[in-house]
Amino acid sequence: MPRPVSLLFGVHAHQPIGNFPEVLADAHQRCYKPFLEVLFRYPDFHFAVHFSGWLLDYLCAHFPQDMAMLTEMVRRGQVELFGAGETEPVLAAIPARDRTGQIETFSGKLETKFGQRPSGAWLTERVWDSTVVPALAACGIRYVIVDDYHFLCTGKTTGQLNGFFTTEEDACRLDIFPISETLRYKLPFSPADEAIAHIESLATGNVGDQSIAAIYFDDIEKFGIWPETYAWVYEQGWLEQFIQGILSSPKVTPRHYRDYHTAGRTKGIVYLPTTSYIEMNEWTLPAESARIYTDLVKQSKASGGFERNKAFLRGGIWKNFLSRYPESNWMHKRMLALSERLAVLPENPNTGEMQWKLYAAQANDAYWHGLFGGLYLPHLRRAIYNSLIDLEAMLDQYAPRANRITQDIDFDGIDETCLQNGILQIILKHDPSAGIAEFDAYDLKHNFGDTLRRHYEDYFHKVQLCDEHSPNDDTGSGSTSHSADSGSGIASAHDRIVSKHNIHAADLEPDNHARALFIDRINNTLIEYRYMDSGANSIRFQARYESALIVKQLELLNNRLQVTYRFTGGLKHSFSTEINLAMPSCDGPGGRFMVRNEPTGGFGQPFALPDLTEITLDDDTLQGSLLLKSSIPVRFSTQPLFTVSQSEQGFEKIMQAVTLLLTWPVETGEFILSLDASRR
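Start counting the sequence shown at 601; every next residue gets the next number (the working numbering).
Keep in mind the hints are simulated off the structure, nothing from the lab.
In silico DSS-like cross-links for lysine-lysine, where the CA-CA straight-line distance does not exceed 27 Å: (1) K633 x K822; (2) K919 x K898; (3) K1229 x K1045.
Between beta-carbon pairs, the in silico distance windows are: (4) P1210 x D996: 40 to 48 Å; (5) E947 x E828: 48 to 56 Å; (6) I1232 x E888: 42 to 50 Å; (7) Q899 x E828: 24 to 32 Å; (8) P1110 x Q1142: 28 to 36 Å; (9) G1201 x P1032: 28 to 36 Å; (10) H798 x E953: 44 to 52 Å; (11) D793 x A831: 17 to 25 Å; (12) Q844 x R697: 43 to 51 Å; (13) G952 x R676: 30 to 38 Å.
Glycine included, each C-beta is placed from N, C-alpha and C at the ideal position.
Construct the complete structure from the given sequences, taking the supplied hints into account.
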């Protein structure tokens, strides 16, 4: 008789640092709580789970009764806990010292809270790079899980991927389990009996000394948070049907990864390429390249050769997001620089807090964009900058910086000058725009320059545009979806085409410049400046337009950013400056413009005012404000900057910034604009 198949069933739970409390509460109610409650009733169903460190702390603090269930399941031997980086970083994207620190911190947390130190680890987004092996091994991690796709890229066949393999890097050994793509798409989207039948079918070849493994490890959010899954998994009973069917099957035995690993032997040595799951490899490509890639995939599927060819139709790697999105790269390089400063800082009473700030800034979510909004979500980027700015201020206390530093921060071949006075900081690129790339207020822990330009995305061709002449009520438009199981089960989020908001063609137009602060134009033509010099508290650029000379000087005066324009040579033109400001309340009710202490409109409302000399941007989320002043009356107009992204729930418009446009006629003379940042 064939030996039973060993079902290695694992789930991964994560929420981004900085996510909204209502999102966390909903995730708990629709997923984490019911999932644990169902599994608790079946102590013989052994499974693995990974909760990211920040989410685990949140659940322990807010829902201790559910964590008590998890603790009991660990105690009775039902649950195997998996390790990872503490804040869910992509390990390959952070320095080696931080990899070790992140892994060790989280393993220690699991041991303290649950009495179990992990032997296995979850790799964020299943991003594999062999450079992470030494850090994992040094922390006592004996095995990790990645997709079977990683193995197929080495020439392995699906039939070989029913156990674990061994790799090494720098003489450090690590074993690797391949997650079944078939199971990833069947659980929980196919009917439970079909999923069980597939697992049982694997037993036909299970005649050796070592049991064949059916390997599954995927996001727990697919069990209740993804569209349609709560009703399917809990109300219609899919999860209980699946567990009961597995426990009653003579052909399947649910086991822990650690037990299978201890009892078994490696299937051999393997060296995996740098890659992630197959969908990620598409998302990380620039739009034009992604279109070529998807066309090749379609052609391969149409010819019936995709399953044979897919390992060789490879897209990009996760780090391509850093080269694809300048905003992501900027955050990443700022993080790396602060990591280096912290690494050489002598121990002090705040070292632990600073270390946590760094780890929080390494959380993966805001650095990339795929099916999940990620980089496109302002509150996730804000959480990164909040940690970076707070860490930078703390580092400055122990190792003060110069007020002015010039270097190529983001490795793009263009220098930037950083000007700071301990209260504010501006960073300007030495490019023709002379715009401010970052504007930090240390007391508010906020970067007012944290905006995202409109990028062209490959998924735009799927967006259903609404009639340009119809009212934009943002109630959403039509949707289509199909099941991956030919009419049975429910559709995966990967197969759904849904628009949450009305989207017009203008919403998809990419920007031709970075959405910085103080982007200047004459007669609607962008001015091209040349970097001149920097003083202790100021930076100067200049430009020529016709026979005139324009000098632009930026300086910090306590909590004021002052921008001075000097015009010589008899200009008689319309001059304007564009100021893109990241205001945390976005188009919600917590943000408003104030003129003479009276509300004038919300950040999400376009409007214009003539002859303006002073206006305040007040933000409840920020618990602070910006006061904009002009030395002469200007025409003031504002409109929200929206981008279109995709998420599990569909295509959506997200406000990135409030765009201010100040316009005035210029001749010879001087003109001053200022921004004062203050806490309430």
